[in-house]
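Q: What follows is the residue order along each chain.
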Amino acid sequence: MTPRCRYVLRLADTNLVLAQRLGEWVGHAPALEEDLGLANVSLDLLGQARLLLAHAGVLEGRGRGEDELAYLREESEYLNLTLVEQPNGDFGDTMVRQFLFDAWQAALYDGLAHCRDAALAAIAAKGAREAAYHLRYSSGWVERLGDVTPESHARVARSLAALWPFTNELFADDEVDRTAAAEGLGLLPSTLEPAWSAQVEGTLARATLARPAPAPYGWYGKQGRHSEHLGYLLAEMQSLRRAHPGATW
Amino acid sequence: MSAHAIHATAPPPELLARLHGILAQVADPEIPVLSVLDLGVIRQLEFRADGRLEVGIAPTYSGCPANAVIKTDVLRALRAAGFDAVAVDVLAPPWSSDWLSEEGRRKLREFGIAPPSHAVGSARSLLRGDAPAACPRCGSTRITRQSEFGSTPCKALYRCEDCREPFDYFKCI
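Read top to bottom, the protein sequences are chains A and B. Take 1 as the starting number for the first sequence in the working numbering and just add one per residue. Take 1001 as the starting number for the second sequence in the working numbering and just add one per residue.
Excised from the complex, chain A in its bound form (with noise of 0.2 Å):
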């Protein structure tokens, strides 16, 4: 699989399993708006991972579809970023791990929208969209568990500590970036770090909370090597259509 391809499964693969994430909320949010909320926003997430795992069937040329790639793959070989796969908590754990990553998916879009990939600028120039309303919901919520009581504060700080150790992989670089950067296919993750640091302390400081320190901790996702909670996701994801090969709507 070349670089460029093994790029844009990793965005596919982390829109996909964030998407599945926010599923499990269905039917079991605090309140009816905000399961209609989670639900909107795993489906564009879902949409756009459509879009991007067809792209990458294209670019590996070996035939696969985004069906074959979403349901026939063990978790070594997804590439997704660990935070995305992290348990959605309560609340304010899913809606702190949804603010850290849609700010830095509006990053992403803003620039990815700009690269030689005609079918990937064109998906990230519709996702943008999409990315920024989703940042506007979920840093609304930040802000308002921030600062709203004592406890939601207390709690919501747990969250962001917690989350927090897995945002380094967002900015690191590794072969298959520069590789995809130097040939204009790209972005390299570690320039969008000025963006999302921006975004995130301007929320965070209307939160009241502080920005954690950094956290000495490497996490390697979308190396196909993942936290605990992967295959467990894969398991429930997969197992419909690995029980009847071949199914269909």
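Keep in mind the hints are simulated off the structure, nothing from the lab. Careful, some of the hints might be misleading.
[Stated by the list, open to error] A few chain B residues facing chain A, derived, Cβ under 8 Å:
1. 1096
2. 1098
3. 1149
[Claimed, not checked] Reference listing, derived: stretches of chain A covered by chain B, where coverage requires no fewer than 3 residues with Cβ under 8 Å from a Cβ of chain B:
4. 45-54
5. 76-90
6. 131-137
Yeah, the Cβ is synthetic: ideal placement off N, Cα and C, and Gly gets one too.
For this one, chain A is given, so just place chain B on it according to the hints.
A: Below, chain B without anything else, positioned relative to chain A:
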């Protein structure tokens, strides 16, 4: 983006008018008061070298389940009228609420859905937020947002403080 045929030709004016007449009867599956033309998702109508009619359709929201239904309904209507039609996805330029026709905006208002309040511009401008101009039922500007997400990906939920009715808002995106 589309598998665009190299030797495609545009239909002559009378035929194009007939095709538009057919498409004007194809309703959006979620907001049936809008046709696919009002929605602004039909991007190209051309005859390919092999004689088939190629219809370029822009998806609305990336994950909106209506996209697949729209494609099926468009092809069914054209085939019923005797056209050997095929659909291609058109991603660029991306669909946004700016593609809604004036006619579509009027129909939305009459149906009780507030149309998008302004042009979208850049994705970043969405961060500043948007709100409907007025209640589509009584015209009051005293309105409150109930939920940023509504019954379909394209809508948010509001309530009018004067007539006290809830209403949908077609979001700017």
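Q: If a hint holds in the structure, say so; if it does not, say that too.
A: Here is how each hint holds up against the structure:
Annotation: interface hint on residue 1096 of chain B holds; nearest CB of chain A at approximately 6 Å, less than 8 Å. For residue 1098 of chain B, the shortest C-beta to C-beta distance to chain A is roughly 11 Å, which exceeds 8 Å, and the interface hint is violated. Annotation: residue 1149 of chain B was flagged as interfacial toward chain A, and the flag holds, the nearest CB pair being 4 Å apart, inside 8 Å. Restraint check on the stretch 45-54 of chain A versus chain B: 6 residues with Cβ-Cβ distances below 8 Å, three needed, restraint holds.
Here's how the stretch 76-90 of chain A fares: 0 of its residues keep a CB closer than 8 Å to some CB of chain B, so the rule of at least three is not met and the hint is violated. With 6 residues having a beta carbon nearer than 8 Å to a beta carbon of chain B, the stretch 131-137 of chain A meets the requirement of three or more and the stated coverage holds.
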